[in-house]
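A.B. asks: For reference, the chains in residue letters:
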Amino acid sequence: MIYLLLFYEFFKVGLFAIGGGLVTVPFLFDLAEVYPWFTAQDLADMIAISESTPGPLGVNMATYAGFKAAGVGGAAVATLGLVSPSVIIIMLISKLLGKFRNNIWVESVLSGIRPAVIALILFAGWEVAKLAVINWQTFAMFVLFWTAIHFYKKSPIFYIILSAIIGIVFKL
Amino acid sequence: MKQLLLLFITFFKVGMFTFGGGYAMLPLLQDELVRRRKWTTDEELLDYYSIGQCTPGVIAVNVSTFIGYKQKGVIGGCVATLGMIMPSLLIIMLIAAVLAKYMHNAYLGYAFAGIRVAVTALIADTLLGLWKKGVKDKWAFAIFLVSAALLLWLNLSAVWIVVLASAAGIGIYKFGQKKGARK
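One line per chain: the protein sequences are A and B, in this order.
Following our numbering, the numbering of the first sequence begins with 1 at its first residue and continues without gaps.
Following our numbering, the numbering of the second sequence begins with 1 at its first residue and continues without gaps.
This is chain A alone, in the form it adopts within the complex (with noise of 0.2 Å):
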């Protein structure tokens, strides 16, 4: 029963949460006052957590949650429940902008929206840099990361793998 009640909780969470992980916590903070399921001292731990492991943080916090409140079968339950509205709208939407793709004006609302992501990808990398280049060694590597993957386009995981090693070697 309680498996029922947290796909239901965590399947209203994933359909008003709009744009993105973050605008989750919230939801989550009210599911914490509701339900003895965990408690705002976990969400606030599992935020911190979040930072430091990979994953989107939305799907993250669901596992995590639901893990609290009853074992693995809650982890799945909750993590299924918080991604099965965006499943279905998009698959929606992909059948829709199949039809619609060379329509005029899909095509004018998504030439509107793409300088607009833009700003807004900017924008959330600036939110990341604020937090990554704190000195003057950070500011260093960033310089030759970004070097390097302009020139040699190796596989992201292969910078991210790379600087993980540099982090700890240097003490950053």
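Hints were generated in silico from the structure; no laboratory data involved.
A few of these clues could be false.
No more than 20 Å apart at the CA atoms, straight line, and that leaves these computed lysine-lysine pairs for PhoX-like [stated by the list, open to error]:
1. B:13 to B:72
2. B:38 to A:153
3. B:72 to B:132
4. A:130 to A:171
5. A:154 to B:70
6. B:133 to A:153
7. B:13 to A:154
8. B:138 to A:95
9. B:70 to B:38
10. A:153 to B:72
11. B:138 to B:174
12. A:153 to B:13
13. B:38 to B:13
14. B:70 to A:95
15. A:99 to B:133
16. B:70 to A:99
Keep in mind that this is a model prediction, so the values were computed, not measured.
Using the hints, position chain B against chain A.
C.D. replies: Here is chain B on its own, set in the frame of chain A:
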């Protein structure tokens, strides 16, 4: 079947190495999906981000569903999404069960200070590439500037930016039509 497995593995890899949310994932997606697998193009990826921005849910999930669905229909969408969330599920459960007390380890902190720098550089280079594809004329440049200003100074939510930009896109099209008719 082979295609489904490939979808799962590809998105598992992306989920595994995405540090810092949906936007940090973009360089990985470009490398895996556009350059390696040729499942999509840079322009399409930008469109998926645009739509993911104003639909419910986590952007990373929205983009995986899009690509998976395009490759293999409903099952493809589900498999790609499962691949994307699987690393999170496994890692977070491991942390919640046993590792929570090691998460404050100093070396882990150093490693992530390094990773953050790499992610910043990766996003910077991705932006450079997308700029050439998304900002092609003076209208697009104007939309970019206005969006950036609204984000920076008014802290406007992404949903509103996308709504306004859509309206601008339609407005520019109508305006172009009128000008064309007069000639």
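A.B. asks: With reference to the structure, classify each hint as holding or not holding.
C.D. replies: Right, here's what the structure says about each hint:
no.: 1; hint: B:13 to B:72; verdict: holds, 19 Å
no.: 2; hint: B:38 to A:153; verdict: holds, 16 Å
no.: 3; hint: B:72 to B:132; verdict: violated, 30 Å
no.: 4; hint: A:130 to A:171; verdict: holds, 19 Å
no.: 5; hint: A:154 to B:70; verdict: violated, 26 Å
no.: 6; hint: B:133 to A:153; verdict: holds, 18 Å
no.: 7; hint: B:13 to A:154; verdict: holds, 15 Å
no.: 8; hint: B:138 to A:95; verdict: violated, 32 Å
no.: 9; hint: B:70 to B:38; verdict: holds, 12 Å
no.: 10; hint: A:153 to B:72; verdict: violated, 29 Å
no.: 11; hint: B:138 to B:174; verdict: holds, 16 Å
no.: 12; hint: A:153 to B:13; verdict: holds, 18 Å
no.: 13; hint: B:38 to B:13; verdict: holds, 16 Å
no.: 14; hint: B:70 to A:95; verdict: holds, 9 Å
no.: 15; hint: A:99 to B:133; verdict: violated, 23 Å
no.: 16; hint: B:70 to A:99; verdict: holds, 13 Å
Going through the hint list in order, the structure does not satisfy hints 3, 5, 8, 10 and 15.
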